[in-house]
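Protein chains in written order, with the working numbering: chain P, 1 to 641; chain Z, 1 to 168; chain U, 1 to 107; chain B, 1 to 504; chain V, 1 to 485.
Simulated from the structure, these hints should not be mistaken for laboratory data. Be aware that a few hints might be false.
Stated by the list, open to error - Distance windows between CB atoms, simulated:
id : chain 1 : residue 1 : chain 2 : residue 2 : range
1  : P       : A638      : Z       : L72       : 31 to 39 Å
2  : V       : P64       : Z       : R163      : 38 to 46 Å
3  : V       : E271      : U       : Y9        : 25 to 33 Å
4  : V       : G274      : B       : D368      : 56 to 64 Å
5  : V       : P408      : P       : W222      : 38 to 46 Å
6  : B       : F218      : V       : E271      : 24 to 32 Å
7  : V       : G274      : Z       : R163      : 49 to 57 Å
For each residue, glycine too, the CB sits at the ideal point set by N, CA and C.
Spelled out from the first residue to the last, the chains are:
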Amino acid sequence: MIEMQWLILLLPLGAAVLIGCGLHRDHKKAAFLSLAAVWGAFAISASSLPECFAAGPGWSITGSFDWSPTQDHIFTYGFLIDGLSQIMLLVVTGVGGLIHIYALGYMKGDPGFGRFFGFLSLFMFSMLGIVVADNLFQIFIHWELVGVSSFLLIGYYYTKPSANEAANKAFLTNRVGDFGFLIGILMVFYALGTADFGLMAERVDRAFLDTPMFEVGGAGGWLVSNETFLWVAGILLLMGVMGKSAQFPLHVWLPDAMEGPTPVSALIHAATMVAAGVFLLARLFFIYLPSETALTTIAWIGAFTAFFAATIATTQFDIKRILAFSTLSQLGYMVMAIGLGGTDVAMFHLTTHAFFKACLFLGAGAVIHAVHTNDIREMGGLWKKMPVTFWTFLISTLALCGVPPLSGFWSKDGILHLTHHPPAYADSWMITVLPTVTAVLTSYYMFRLIFMAWFGQPRDAEKFEHAHEMPWTMTGPMMVLVALAVLAGWAVLPAETIETFRSITRPAGASPFEPVHLDLSTVTSALGIFFLGAGAAWLAFGRGIVNPDKVARALGPVHALFYNRWYIDEIYDWIVAKVQQNFARLCDLFDKKFLIGFLVNGSAWTTRAAGAVTARYQTGSIRTYVFLFLAGVAALLALNL
Amino acid sequence: MEGQVVEGFLFYLFGGAMAFFTLATIFVRTPVYSAIFMILSFASTAGLFVLLDAYLIAIVQVLVYAGAIMVLFLFVIMLINLRSDELEGLKINPVMVLAAGTFLGLFSKAVADLGPAVSSESNALVGSPGLLAETLFTEYVVPFEAVSLLLLAAILGTVVLSRRSGDG
Amino acid sequence: MITLEHYLYLSGVIFTLGLCGVMMRRNVILVFMSIEIMLNAANLALVAFNKFLVANPPGGVSPDGQVMVFFTIAVAAAEVAVALVIAVALFRRLDTVNVDDVANLRW
Amino acid sequence: MAFLQAHILDALILAPLAAVVALLLIGEGNRVAIRVLSVATAALTLLISIWLFFVYDQGSGGFQFVVRHEWVPSLGIAHQVGADGITVAMVMLTAIVYTAGTLVSWFVDSRTKDFYILLHALVAGVFGVFVSLDLFFFYFYYELAVVPMYLLIGFWGSTNREYATMKLTLYLTAGAVVALVGLLMVYFSGLSAEPTFDLLVLREAAAQGGLSSSAQQFLFPILLLGFATIAPMWPLHTWSPGGHAAAPAAASMMHAGVLMKLGSYAIIRVAMPLLPEGAVVWLPLVAVLCCFNIIYGGYVAMTQRDMKFVVGYSSSSHMGYVLLGLASLTVMGLDGAVFLMFAHGVMTALAFALIGFFYDQTHTRELDDLGGLMQQIPFVGTLFMMTAMASLGLPGFANFASELLVLVGSWERYPIPTILAIFGLVIGATYLLRMVKEAFLGPRIERWDGLRDASTLLERAPFLLLLGTLLIFGIYPAPIVRLIETGVVPLIDTLLAAESALGH
Amino acid sequence: MPIDTTQLFAVFGTEAFLALLACAVVVVDLLWGKGRLTGPAEMPRLTAGLGLVAILLHSLGQSPESCAFGNLDGFALFFKRFFLVTALFTLMLSGPYENRLRAGRGEFPALLVFTTLGLCLLATVNDFVTLFVALELVTVTLFLLAAYRPQLPRSIEAGIKFVVVGAVAAAFLVYGIAFVYGATGSFDFAAVTAAANTPGGMSGALTFGLLLVLVGLCFKLGAVPFHVWIPDVYQGAPTPVTAFLSVGSKTAGVVLMMRLVFTVLGPAVAEWTGLLAGLAGITLLMGNLGAIPQTDMKRFLGYSGIAHAGFLMMALSVHTQDSAVSMLFYVVAYLFANIAAFLVLVVVSRTEDNADMTRIDGLRDRSPFLALVLTVSMLSLAGVPPTAGFFAKFMVLRSAVEVALVDPRIMALVVLSAVMIVVSLYYYLCIVKRIFMREATDTGVLEVSGWTRGLLLLCLVAMVVLGCYQQPLVEWATTGARALF
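This is chain P alone, in the form it adopts within the complex (with noise of 0.2 Å):
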């Protein structure tokens, strides 16, 4: 029997297929195609959900194919959809979903309408696949998907060369994780013997704990104590995650990424693609358990990502990149979370975030297409303009910031929690001051958003003038989002379905963590650091009290480091541009004048020059012939006799 999950991923590529046959034309029909597909995914996915609630852990529904047979490895593609997947197709579809519609107005009226939604289409596809992906290989293959659609996307504006580059940076970047991402699969691959998720979580006691050496390569190769290979496997596998999760130091393209339409980086920049690697993570917890090294290499990463990403925050003023900076900040959080074994609360932050994130870019997008600006600089006053708009922004980020009893107050101060009681292996009070303090920056520069674009002075009349307030297809989703952000925390969830949510999304062997009680002290720690940055930014920002310039003056270097996001972008085009460009010239070098310039062109004219001196010999003298004549004579004679 051929299971309907398979629909999942065949109706967004069926979409996309269709779309790029030539429905691309027809802008009505390419969007209703795009939309259909992905609410019948969303559909599709939904239908499993009570049966998986019910089940509780161990549930899963699987499929598969042999996709490429051979011999050795028999490639497989099929789909697991387990309790962690359940969740993340729910997402993924569903703020997908709500991002196909606000596009329907975002995008209305570009000449590249049913383009758009063709590549929306095989974006859903692609990252469909990696949730429902039950082999390594197979997530691998839709990770490259989801980079390529990602590519294609924040390239829409083909036209501009500056989306280009985005594009371009995105997926080198992407590549460049990836370079990780497959030596650690076929390290642990071949260490495993399978790419199956299952029986890799079976395998891997016995495979790992029983051979305390491992020959990486089979014979010949290196060998290696199994807590190193483990370590070396885990942070290559981890390479593919910041490169889609943008983790630090691979976190440069999505900045940049920004690029794109609003609805792309609400969707995948935001919401969804980016949240690939968290789930990564969790998928693959199971290889990470038995080695404590890559656990805390992870946590670390990830809490200085968050924090590294706020810092940069704080100082940019285009309003998406500030959203994108905080993206980052927040899967730092996550992978933090994952790191410190908190798979559960890493999921939990993964969904409330791609709610208030999504809804924070779209109500930008709204902004930015009342305005046509992304500069914060430029805006101001907005609120009046475009209220539900505005009220959207204003309570995401209060979810972004944390504040009870928002959803983000649960996911987020569940991080928290852990990062202040971090097992053993990561026990350092860095792990705990990074995120507080990431957290402080988050409600600053989140409300420097706010007072700069919301309130005050419109500082660009023509522009203000212009603003309006957007049709439904575009408020709408925003307002769905905003909801759920609101609503997805515990508050209005019965504990039993928490519990559910927690054991389906914890991988087997990570130990559970307490959940986030609504007591008193939390409340008051969260809205304290919620206050600090709030008001640091109302006081700059709001009131005016304090002049930003003034302090960015005398931060001086350390303002110049954030602002210019820690000169990382600086130094990797130094490495591009110098390093690589120059090994590149010099490889051409040797090919153009060595190869063929000395050796190839050489000796063919070595050849010629041969020719020309030998026929030289043939000097038309008959003297000289009759010499050489019998010069060889002699010479036969001398030889022979």
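Starting from the known structure of chain P, fit chains Z, U, B and V onto it as the hints suggest.
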């Protein structure tokens, strides 16, 4: 014993003459003199042939070679009527001399190892025209015919080439 | 005693002299004459060899070498005729018999 | 019908040859007839190859459709053809590229007749190499395929064509001659009781113990050198980018798409089965050199400004993966190598076809001159972008499926080369995306406003044929992988036996 | 010694007929050619052609026969037919050319027949006297033919050079024969074989003599350094003569070399391997390199001929039966390719008899058929499938590799030849390049008569068919070569 002395004397006489006239042929400036020296050289060779009991060959040598062929040469030399002064003389190139010397040296190596078919004793071969003719017309009839055709072809060809009415 | 070697060395010297003549004379007629000298040397060697052959067969030694000399002389005659006609043609056409002047076909 | 079925491989060679003869008889002015006949011939071979794909009995494997004609018995030469899974895959590749090539060349207006005659002759040679089971004819067809290229590039070519075509022809011939000497040494090596060129007999003999391992180790590098020239293995690659760049579209397609595969095919078909112990000893060298192909080729491609040069160097980079797969000595790696030969052939043919299409109008391929072409020629641009995606190993295209097999297959034996090969994917993405960006994306350039897109079915058909092939086998590679594996498994068994015999 | 004339005729029938034919042509020329009787000016040529055809047919009916004077074995028969075909082709080739001759039109075919007579005789010889005479018959008539247009300085120069170097070669040959005679006491090949293969029989004198004989034959074959005359004479001689030189004269060298190496030396040839391999190597090198800078087609083909002599020498140095077979195949392949090339040259050089390479520029546009034939001919010379030249080279290499596995000298030669194959492809392709990728400088109409077209077509078909279906020729060649051993 006496015969040997005589033979030796005659060999050195004819041989010396042959070598001398050959040298003269090559080194003398005027072509006509060269031709005449060459006739003398050939005549000396004929003497050597006689010493070797090849009487018929000796006659042929004198008649055909020294007589006919060399006369042909002389004719041509006259015909062309060389402005000898500008043309003549040797262009002696040491490398060429060296090569020739090397050849001679290697030649002597060959002469030093003549193999079993010859001995230092001359055999009693008598160069009678009869024996020669018989051999020529039986054993060597094919090359004999071929040589006749060769001469015919040469005549034919020379006639064509010497025709004055050229084709431009 | 005069041995075969004597004749052979004489022949060799003459042959080499002929060679030198071919290489060193400018006049094409003289070049041809030098070639005749070489052939003459060969004839001498042939006749000498014939004379000094070991008389193996019961019927004595057949005059093969001398027969060969016949052919050589005949062929030389033909060759000379041809060579001279070409030389004459050369003289007619280019007004020279200097071999150094006929070096236009080269390289 | 039964006769035809039995001689189907002969028909495959004869079809283009018949086209050559027929074209010789058609008047030069009758262009329509020339074109139709050519396309029809190509389509016929395509049908034959598809038919082969379906009737080849994968269950029993081995060489099928074997037909033997005694040719020169005293020298042990027989015209013997046969196909295993690898052959069928390669024949399909050839037929597909051939069909696309004839279609693309529909618009060749100068000396149309000559062009098609040479193209058919070339293809006959290529088919011959793929189906020959006799070393003599293997070589015969190989040379036959090389030489028409000289004129194809020399007359209809572009950039620096006379230099490029001479270099290419001489280079390939040099490789071929080395291979010939090697083949003759194998022939005389005493592998078979009587010297014979019969590949089946020789393979059988090699499987039964074969030559001494020192003899194998002496002979293998000779064959390798010969065959690797056309593969082309670094540092013997320099003929290829220039040659591709100079060639007219159909010639580049055939050349990069098919001809280049002859080298690795020959290694698989001849060198490895006949000299398994030699292969085991020498393949590690290939594994090292192929890294240069991949990395170095990629970096050189990065500096190129001419699109065909980019694709050309990328081809030599990609052939590194094929060589890596060859060297891996695993079923998976070799599967991947053969599959990649197929996939890369189709992909690179598509790339050259597309470049050729707009080059005919722009007369430049310099990235500095181009830009924003997506606006004028969206169809070609989109397809080119997809081609680039295929080339950089995007899932969904056959290239990814095959490269994945290569990488997974070679990891166990050659971890460092595999890591470098994976890094090569990053490099590949860098230059391919840059090329797409600079040529097709970005602001509109008015100079190119007059460009015509591929709009008629005739114009689009070759592109779609090639792209469709890539997608079909990329999305569902199982059929072709199974097919290829029927040929690969016995070979790997032989090699592994040789390896254990060597005590490695 | 009584002569059995029947047997003599059985062996030398071809030569006898040729002699008669030569005389007949002269007579016909006297009657018709000089305008004394009205009739077509081609009468002598027609007579010669028909006669050659008849003799060829007669020779096809001959079977191996031998007598004291000569040895008409399979090998000789093969080459007699070969020479007759060559002569016939040359005669056809000279058709378009003859119109340019104002003098000697009738004698031209006659001389050609004389040369052929000498060539045929060469194939049969089994003693050094006949060898010398027959060789001189060939050489002297060719001297005449080379200088056949004395009004052209080129032709005279070719004649002079040919005569001087040829006569020197002849002198060396005679001198060598004299020493062979002195060392063995006989002119018979058999005596040499016996002497060379008895222990200690290879005396200094015999070696000296045989080496000088070899030099004389190398001169014919065009092996370096005895090739010096070839480029100049080829360039200067009238084109049909060059064609005949390149095929007939060279093959004369091949025939005699093969006789000398395979039959006369017998097993003793093993000592000569290095010598022959060395000659082959230097010939390959000089021939191929020298061809590169050429700008005159005929001179170019001269160098190409030297290069091919190198290949033949290589087969010779291998001296196995296989290599003998390959040489027979090689000369046939070479025949068709060269005749085709020269025929095209005759046509394109038109009235001026100028074979400068610019003449063939853009030939594709002037005459596709000629272009095709010349291209295939060049490819055949280069040894590219599907042409006869390819299989010829293949066979040579094949036979060489067998020995190379045990003899490093031959291995070195194989390596060199492999390199030279590539080099040769370069310069042949340069010709192809001119045909297809250059603009024509001469736009005159190329007249191709029916006969010419037919011959071209024949050569084309022969080149391709022999390249694809080699078995019949291989069989003939095997039969021919077997007679040597």
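**Asked** Failing hints, ascending?
**Response** none
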